[in-house]
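Peer 1: Sequences and hints are given; from them, build the entire structure.
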Amino acid sequence: MKQGSRISVFSLIDRSDIVIHVIDSRMPDITTNKEIAEFCEDKEKTLLYALNKADLFPGKIKRNSKNHFPVSSSTGQGINALKERINACSKALLKKGKETVLICVVGYPNTGKSSLINSLSKGGKTRTSPTSGFTKGVQLIKLKERIYLSDSPGIIPMKEKEETLLALIGAKDISKIETPESAAEEIIEANRKAVCFHYGIHDFILDQKETEKKTEANPIIHAVAKKLNFLSKGGSLDIDRASRKIISDWQKGTIQASKKALSKTTKSSKNN
Numbered sequence: 001m002k003q004g005s006r007i008s009v010f011s012l013i014d015r016s017d018i019v020i021h022v023i024d025s026r027m028p029d030i031t032t033n034k035e036i037a038e039f040c041e042d043k044e045k046t047l048l049y050a051l052n053k054a055d056l057f058p059g060k061i062k063r064n065s066k067n068h069f070p071v072s073s074s075t076g077q078g079i080n081a082l083k084e085r086i087n088a089c090s091k092a093l094l095k096k097g098k099e100t101v102l103i104c105v106v107g108y109p110n111t112g113k114s115s116l117i118n119s120l121s122k123g124g125k126t127r128t129s130p131t132s133g134f135t136k137g138v139q140l141i142k143l144k145e146r147i148y149l150s151d152s153p154g155i156i157p158m159k160e161k162e163e164t165l166l167a168l169i170g171a172k173d174i175s176k177i178e179t180p181e182s183a184a185e186e187i188i189e190a191n192r193k194a195v196c197f198h199y200g201i202h203d204f205i206l207d208q209k210e211t212e213k214k215t216e217a218n219p220i221i222h223a224v225a226k227k228l229n230f231l232s233k234g235g236s237l238d239i240d241r242a243s244r245k246i247i248s249d250w251q252k253g254t255i256q257a258s259k260k261a262l263s264k265t266t267k268s269s270k271n272n
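Heads up: the sequence shown runs through residues 1 to 272, numbered per my numbering.
These aren't lab readings, by the way, just hints derived from the structure by calculation. Built from N, CA and C at the ideal position, the CB exists for glycine as well. One or more hints might be untrue.
[Said to hold, decoys possible] With beta-carbon atoms standing in for the labels, derived distance ranges: (1) G97 with T254: 44 to 54 Å; (2) N229 with K34: 20 to 30 Å; (3) N229 with E44: 55 to 65 Å; (4) K226 with N80: 43 to 53 Å.
Peer 2: Next up, the structure:
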């Protein structure tokens, strides 16, 4: 699939009828953009939420709204349910007199937008825009008669200064992160038990008070460094290396999100 250029996300939404906001279900608060919801409401667009990477959660994600869909582009989980909702919304718009229904996918970097487009467009035929005024260079994939999906996702920009957020969603090279400990602490705060299980530091699973003590570094990061034998030249624990390891494993999905993070998955957008 041709990726196209990084077009303005709001310009793409303005020219579409149905908007699919992809969020990382492990980090819903970080990857849900309220401005998108407000813009869609103001422009009277149908807004659907794809809670991507649902396969990285233990158990099943509960839907809090008919417009929220736990999906996994890698396993195909939830894709059919999302397609059925898209079809239902499209038919309703066509009945109201729309000549064609245009669908777009938007989201922050590395939330799985392009993968979702590939999953939704299997069997579709790529063609140029059937409507005038649509963004130049964007191809539309024909899903069904008079129903089209943009092949270029709308990328919601993140500020470079939001280094912790960029690290968490994998939008910045781990080696270039200046404060990896902060990002690692964010992961631990929301997924403490999962991190402890992953690295086999079971003492910290029960001893939560120990992790709340004010120390020069998060004690769980210390424990990870000790477990993995990450040492600095002087023989002290290499907290920087341990922090980057936690971030790397989180980005790869080898650390599963915890129930604590899961409980937040749709709260940030359930009223939209």
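Peer 1: Next, verify each hint and record whether it holds.
Peer 2: Results for each hint:
Between G97 and T254, the C-beta spacing of about 50 Å keeps the proposed range 44 to 54 Å intact. At roughly 44 Å, the beta carbons of N229 and K34 sit outside the given window of 20 to 30 Å. At about 58 Å, the beta-carbon gap between N229 and E44 stays in the expected band of 55 to 65 Å. Roughly 46 Å separates the CB atoms of K226 and N80, a value that falls within the hinted 43 to 53 Å.
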